[in-house]
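Novice: This is what each chain is made of:
2 protein chains.
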Amino acid sequence: MIKYLAILLCFIPLCLSAQQQKEEVDAFFIRKIYDKALTDARCYSWLDYLTHRIGGRLAGSPQAAAAVEYTRQMLDTMGLDTVWLQPCMVPHWVRGEKEQVRIVNSLKMGTIELKALALGNSVGTGPRGITAEVVEVKGLDDVDSLGESLRGKIVFYNGPMDPTELNTFNAYGKAAGQRVWGASRASRYGAVGVLVRSLTTRLDDIPHTGSLAYDDELPRIPALAISTNDAELLSRLLQDEPIRVFLRSTCEMMGEAPSYSVIGEIRGSEQPEEIILVGGHLDSWDVGAGAHDDGAGCVHAMEVLHLIKQLGYRPKRTIRCVLFMNEENGLRGGRAYWKWSNDRKEYHMAAIESDRGGFTPRGFTADGHDDVFNKKFKKVAEWLPLLEPYGLAIRKGGSGADISGLKEQKGLLFGFEPDSQRYFDYHHTAIDTFDAVDKRELELGAASMMSLVYLLDKYGL
Amino acid sequence: MIKYLAILLCFIPLCLSAQQQKEEVDAFFIRKIYDKALTDARCYSWLDYLTHRIGGRLAGSPQAAAAVEYTRQMLDTMGLDTVWLQPCMVPHWVRGEKEQVRIVNSLKMGTIELKALALGNSVGTGPRGITAEVVEVKGLDDVDSLGESLRGKIVFYNGPMDPTELNTFNAYGKAAGQRVWGASRASRYGAVGVLVRSLTTRLDDIPHTGSLAYDDELPRIPALAISTNDAELLSRLLQDEPIRVFLRSTCEMMGEAPSYSVIGEIRGSEQPEEIILVGGHLDSWDVGAGAHDDGAGCVHAMEVLHLIKQLGYRPKRTIRCVLFMNEENGLRGGRAYWKWSNDRKEYHMAAIESDRGGFTPRGFTADGHDDVFNKKFKKVAEWLPLLEPYGLAIRKGGSGADISGLKEQKGLLFGFEPDSQRYFDYHHTAIDTFDAVDKRELELGAASMMSLVYLLDKYGL
Numbered sequence: 033m034i035k036y037l038a039i040l041l042c043f044i045p046l047c048l049s050a051q052q053q054k055e056e057v058d059a060f061f062i063r064k065i066y067d068k069a070l071t072d073a074r075c076y077s078w079l080d081y082l083t084h085r086i087g088g089r090l091a092g093s094p095q096a097a098a099a100v101e102y103t104r105q106m107l108d109t110m111g112l113d114t115v116w117l118q119p120c121m122v123p124h125w126v127r128g129e130k131e132q133v134r135i136v137n138s139l140k141m142g143t144i145e146l147k148a149l150a151l152g153n154s155v156g157t158g159p160r161g162i163t164a165e166v167v168e169v170k171g172l173d174d175v176d177s178l179g180e181s182l183r184g185k186i187v188f189y190n191g192p193m194d195p196t197e198l199n200t201f202n203a204y205g206k207a208a209g210q211r212v213w214g215a216s217r218a219s220r221y222g223a224v225g226v227l228v229r230s231l232t233t234r235l236d237d238i239p240h241t242g243s244l245a246y247d248d249e250l251p252r253i254p255a256l257a258i259s260t261n262d263a264e265l266l267s268r269l270l271q272d273e274p275i276r277v278f279l280r281s282t283c284e285m286m287g288e289a290p291s292y293s294v295i296g297e298i299r300g301s302e303q304p305e306e307i308i309l310v311g312g313h314l315d316s317w318d319v320g321a322g323a324h325d326d327g328a329g330c331v332h333a334m335e336v337l338h339l340i341k342q343l344g345y346r347p348k349r350t351i352r353c354v355l356f357m358n359e360e361n362g363l364r365g366g367r368a369y370w371k372w373s374n375d376r377k378e379y380h381m382a383a384i385e386s387d388r389g390g391f392t393p394r395g396f397t398a399d400g401h402d403d404v405f406n407k408k409f410k411k412v413a414e415w416l417p418l419l420e421p422y423g424l425a426i427r428k429g430g431s432g433a434d435i436s437g438l439k440e441q442k443g444l445l446f447g448f449e450p451d452s453q454r455y456f457d458y459h460h461t462a463i464d465t466f467d468a469v470d471k472r473e474l475e476l477g478a479a480s481m482m483s484l485v486y487l488l489d490k491y492g493l
Numbered sequence: 033m034i035k036y037l038a039i040l041l042c043f044i045p046l047c048l049s050a051q052q053q054k055e056e057v058d059a060f061f062i063r064k065i066y067d068k069a070l071t072d073a074r075c076y077s078w079l080d081y082l083t084h085r086i087g088g089r090l091a092g093s094p095q096a097a098a099a100v101e102y103t104r105q106m107l108d109t110m111g112l113d114t115v116w117l118q119p120c121m122v123p124h125w126v127r128g129e130k131e132q133v134r135i136v137n138s139l140k141m142g143t144i145e146l147k148a149l150a151l152g153n154s155v156g157t158g159p160r161g162i163t164a165e166v167v168e169v170k171g172l173d174d175v176d177s178l179g180e181s182l183r184g185k186i187v188f189y190n191g192p193m194d195p196t197e198l199n200t201f202n203a204y205g206k207a208a209g210q211r212v213w214g215a216s217r218a219s220r221y222g223a224v225g226v227l228v229r230s231l232t233t234r235l236d237d238i239p240h241t242g243s244l245a246y247d248d249e250l251p252r253i254p255a256l257a258i259s260t261n262d263a264e265l266l267s268r269l270l271q272d273e274p275i276r277v278f279l280r281s282t283c284e285m286m287g288e289a290p291s292y293s294v295i296g297e298i299r300g301s302e303q304p305e306e307i308i309l310v311g312g313h314l315d316s317w318d319v320g321a322g323a324h325d326d327g328a329g330c331v332h333a334m335e336v337l338h339l340i341k342q343l344g345y346r347p348k349r350t351i352r353c354v355l356f357m358n359e360e361n362g363l364r365g366g367r368a369y370w371k372w373s374n375d376r377k378e379y380h381m382a383a384i385e386s387d388r389g390g391f392t393p394r395g396f397t398a399d400g401h402d403d404v405f406n407k408k409f410k411k412v413a414e415w416l417p418l419l420e421p422y423g424l425a426i427r428k429g430g431s432g433a434d435i436s437g438l439k440e441q442k443g444l445l446f447g448f449e450p451d452s453q454r455y456f457d458y459h460h461t462a463i464d465t466f467d468a469v470d471k472r473e474l475e476l477g478a479a480s481m482m483s484l485v486y487l488l489d490k491y492g493l
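Which chain is which? The protein sequence lines are Y and E, in order. Its first residue numbered 33, the first sequence is counted upward by one per residue in the numbering used here. Its first residue numbered 33, the second sequence is counted upward by one per residue in the numbering used here.
There could be a bad hint or two in this list.
Pairs involving identical chains hold if they fit within one copy or between any two copies, as the list cannot separate such chains.
Here are the simulated DSBU-like cross-link-like pairs (lysine-lysine), alpha carbons at most 30 Å apart as the crow flies [what the hints assert, rightly or not]:
#1 Lys377 to Lys170
#2 Lys490 to Lys428
#3 Lys206 to Lys64
#4 Lys170 to Lys68
#5 Lys68 to Lys206
#6 Lys371 to Lys185
#7 Lys64 to Lys428
#8 Lys428 to Lys54
#9 Lys147 to Lys341
#10 Lys130 to Lys410
In case anyone wonders, no lab produced these hints; they're calculated from the structure.
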């Protein structure tokens, strides 16, 4: 026994040193990734082009087509093994003329124009608009309580985002239901239109759009977001007097249009059948320029491939960049990709989506199939000492809408997680523009994703 | 032996539970601090006033006097035990007319205006300006190598900030010497003027001012910062041809002027002689509005007192907020405070300065006298489990210029540490304005400082 212990003890220093050596090699390479990203990255200039030369890229729009072509060209310059476009049909929704939302009969304030944006996928009001009395509610449940008294009314959803949530995405998650389901819930009781408080913790004059989903069984009624300042104003007025509002929006669903997700890949040298996906979504809302949502995510993913090439790294596994079309109002690019990938019996060992903006990286959330998640997450957690010096943590949590359908392949799904404080200042607004993105913060995001890709590729799951 | 072990084992659960209980009380109170800061803080509206209604607040200026009066009034509204002004004499430097820096003889490019700002404390060029040939150097050492060949020349310090430093303050620290000491070093060899590359990792058109220090033994020559884009341009031209530059600045040191630091305190109920200081500096550069540097730090410190009052917390120790005057170009407020405090034999058990901007909090750096530092730091490190849920770490590192002179009192000195990526986009520029500060990020900073103050006050050091 003592003999075996002695032999074992002799080996420990050797083992440790091999382990340490491996860690030093990894630490050195990750440092190289950051150095390269902070000096030679192209992500910021790609984002400049996407936002300034192309602009808002709603699925089905000419700008979305331009973004497909631009990013395809950029991927083509990188010397990848394959670059291709994957077709999908997308809903083609158009905003139409500038929305009008007007308080028409306040005894105290007279006529007041409110800052508004139609919600994506909403029907319009017809060219003459509609006028009706407004009823304020705090959320979907209130609507059920009020029931038939809402007939002929405009329902005003005024549930605020909770400012005390440290992670603003949690606050968004709690408040977004009224935007997504509010129109059909109100329609169930005969309401004729819906106003929704913009989803931000700020008090300002900037309306936030975003998609709604209609229940096919119910009449479709128009829905618009108003700014938080205007929501506060409307709520104050409603405390004193009945308020009627005029709504006019010529927004319209034009049917379906052909579009594409853009894909580029470097084929693995040893296990090409194990795929590591990096992605973002190429479409954005029509207002603003989709800089944080999700131009940043797209150029993060593209930069991963660029860094691999710049660093002369030869991946063992296949690294695939996917710029998904139509995340915002249909997820058609994602769905088409899942079907295509599942039909080919592919295995995504890992997928990382960046769709929370281009802010300073804080780490990743990880998700996966119950059968494999704990075991695989444990392996990833072993890499934390290499990532923590860069301010990166990995925690359990959702990944990204576009990759969520890959869970059945039983790899790990990651969401890149930057600092969340400013995201909902810009989300789905006219001010989600290039100047809201900081160059270093964006580059650090790409370096973070590349570092995780490197470890995934080297050690597998 | 076994018996004692058994007795010991019986006690452990009891001990743990008392400890756990204490931690739960603390966790609960810190959560309350954050809730309050994210819903009822006043820091953002104070900063709005300081930046929009008062603006840039260089020591000795009317705006600095307005800032003294405004913050005194705000502290007076809080029901503190004492609010007072502490006098100090400050250097009164004025920028004068808009600076001119012009390349006058490029064969390739003709005449080119460069974006420039005189460095604080610099002498002017005289009303007619000066014209001389430019010699580029990368730093102070290059000047010594070139020596007498610099006679009659303008020395152009073009050492860039290292973009690969993850913490931008490290990069700033490595590059700032050329700005502070560059003029006198060049003057030693007969140079007639100095241009300095702006201290930022960005490439843009925005010059960054900042203070220089003259060596009393040497002639004072004028020094101006130029934007990084212009520094790159000038450097490129110098590779092909000799370049002469015209400099004109009417900036001037006007002598000394009376001013004040602003102080408010809540006297401790049990150990009032143990002081916990929170502070920032009230002066800023004249260009821009000093929003991040250091309006944010001032309103952070003020908000700590406001939160104490709002939460009904009764501190055992004295909590003192100090808004120091003249950090930027003299540190006279800090020096006056140290002398006053040392003369009264005060004991600052802890001091926290916020002077790194109003970005998302990452934690604190801690510093202190060698005699006590390790022991006290160890105690603070025990609180980390309470702070980590809020993204806060505590690491060894410098504290803040205004509190550095309190080290002899043998307490702990802290620097509030927010995310550093964007700070040098704005530092000492015309774009350090209110809109560069995010409300939530600012409020989280105040909550972080208040949380540390609470633990310091409750447990002592």
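Novice: State for each hint whether it applies.
Specialist: Status of the hints after comparison with the structure:
no. : hint             : verdict
1   : Lys377 to Lys170 : neither (46 Å within a copy, 57 Å between copies)
2   : Lys490 to Lys428 : within (22 Å within a copy, 34 Å between copies)
3   : Lys206 to Lys64  : between (40 Å within a copy, 21 Å between copies)
4   : Lys170 to Lys68  : between (49 Å within a copy, 22 Å between copies)
5   : Lys68 to Lys206  : between (39 Å within a copy, 20 Å between copies)
6   : Lys371 to Lys185 : neither (42 Å within a copy, 70 Å between copies)
7   : Lys64 to Lys428  : both (28 Å within a copy, 26 Å between copies)
8   : Lys428 to Lys54  : both (26 Å within a copy, 28 Å between copies)
9   : Lys147 to Lys341 : neither (47 Å within a copy, 37 Å between copies)
10  : Lys130 to Lys410 : neither (52 Å within a copy, 61 Å between copies)
When the structure is compared with the earlier hints, violations turn up for hints 1, 6, 9, 10 and for no others.
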